[in-house]
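Engineer: The chain contents come next:
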Amino acid sequence: ILNVEQSPQSLHVQEGDSTNFTCSFPSSNFYALHWYRWETAKSPEALFVMTLNGDEKKKGRISATLNTKEGYSYLYIKGSQPEDSATYLCALSYNQGGKLIFGQGTELSVKP
Amino acid sequence: DTAVSQTPKYLVTQMGNDKSIKCEQNLGHDTMYWYKQDSKKFLKIMFSYNNKELIINETVPNRFSPKSPDKAHLNLHINSLELGDSAVYFCASSQEWGRTTKTGELFFGEGSRLTVL
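Line by line, the protein sequences give chains D and V. Counting along the first sequence from 1, when you hit position 17 you're at 17 in our numbering, and nothing is skipped either side. Counting along the second sequence from 1, when you hit position 3 you're at 1003 in our numbering, and nothing is skipped either side.
Certain hints may be false.
[What the hints assert, rightly or not] Listed next, the in silico BS3-like pairs over lysine-lysine satisfying Cα-Cα at most 25 Å (straight line):
1. Lys69/D / Lys1067/V
2. Lys1022/V / Lys99/D
3. Lys1040/V / Lys58/D
4. Lys1022/V / Lys42/D
5. Lys1036/V / Lys42/D
6. Lys1052/V / Lys78/D
7. Lys99/D / Lys1040/V
8. Lys1067/V / Lys99/D
9. Lys1040/V / Lys69/D
10. Lys1052/V / Lys1040/V
11. Lys59/D / Lys1040/V
12. Lys1052/V / Lys99/D
13. Lys1044/V / Lys99/D
14. Lys1041/V / Lys111/D
Read the hints as simulated data drawn from the structure, not as lab findings. Just so you know, these numbers come straight off a predicted model, no measurement behind them.
Whole structure, please, built from the sequences with the hints as guidance.
Structural biologist: Set out below in structure tokens:
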């Protein structure tokens, strides 16, 4: 059974702090790694889809890295803002079939 | 214009009833999915359809039956509802996987919260 683990489960930071969290996954049969941002009462929205070892992607203050050999991805948020408060999900695809295995998410709370 | 829309958003019903949740996407995507958010908040795939054809069918009780009348719609019908079916169900869509450089990211609906009493 493939397992995707995210840590920490929750994180509380002050506005302006930079933060990062981890997604760990089995490195065998890797196809793609997704990051989603999920605000309360809304639907998850894709941030990044990463496929290559060493990939780095950036969107504004949010960036992500990928290491497929050791099976982890980091998500970084620089200068956190209250509007960054959300649950951040990572999901693993291990084949072309479109099936994603989600982690439990990291719940980020940014206090003004 | 909502890209992936689900109805109803909330559904409260009695055990043993039959109910449906509808999903529509206006993104022109080929693939649609149903995910269930379990009690530990994990999103777990139930079904996937590609161009009206079932391509993923996880270990889901056969009381759950998806129906795709066309590639823009994927409905979920649940027979003989049980207490354990209470959950939030998410519909999603994506462009078809694997064929091109398309990313395959999922576009989610806002979820349908089902409560079985």
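Engineer: Evaluate each hint against the coordinates.
Structural biologist: Cross-check of the supplied hints:
Note on Lys69/D and Lys1067/V: the hinted pairing is violated, with a Cα-Cα distance of about 39 Å set against a maximum of 25 Å. Restraint check for Lys1022/V and Lys99/D: the C-alpha separation of about 21 Å stays at or below 25 Å, so the hint holds. Between Lys1040/V and Lys58/D the CA atoms are separated by roughly 30 Å; this puts the pair beyond 25 Å, and the hint is violated. A C-alpha spacing of about 18 Å is found between Lys1022/V and Lys42/D, which places the hinted pair at or below 25 Å, so the restraint holds.
Simply put, Lys1036/V and Lys42/D have alpha-carbon atoms about 15 Å apart, close enough for the 25 Å limit, and the pair holds. Using a Cα cut-off of 25 Å, the hinted pair Lys1052/V and Lys78/D is violated, with the two alpha carbons roughly 42 Å apart. About 19 Å separates the Cα atoms of Lys99/D and Lys1040/V, which keeps this hinted pair within 25 Å; it holds. Straight-line distance between C-alpha atoms of Lys1067/V and Lys99/D comes to about 18 Å, which keeps the hinted pair within the 25 Å bound.
At most 25 Å may separate the alpha-carbon atoms for a hinted pair to count; Lys1040/V and Lys69/D exceed this at roughly 28 Å. A hinted pair counts as satisfied when its Cα atoms are at most 25 Å apart, and Lys1052/V with Lys1040/V does not qualify at roughly 31 Å. Note on Lys59/D and Lys1040/V: the hinted pairing is violated, with a Cα-Cα distance of about 29 Å set against a maximum of 25 Å. Simply put, Lys1052/V and Lys99/D have alpha-carbon atoms about 17 Å apart, close enough for the 25 Å limit, and the pair holds.
Taken as a hint, the Lys1044/V and Lys99/D pair is honoured in the structure, with Cα atoms around 9 Å apart against an allowance of 25 Å. A hinted pair counts as satisfied when its Cα atoms are at most 25 Å apart, and Lys1041/V with Lys111/D qualifies at roughly 24 Å.
The structure does not agree with the numbered hints 1, 3, 6, 9, 10, 11 stated previously, though it agrees with the rest.
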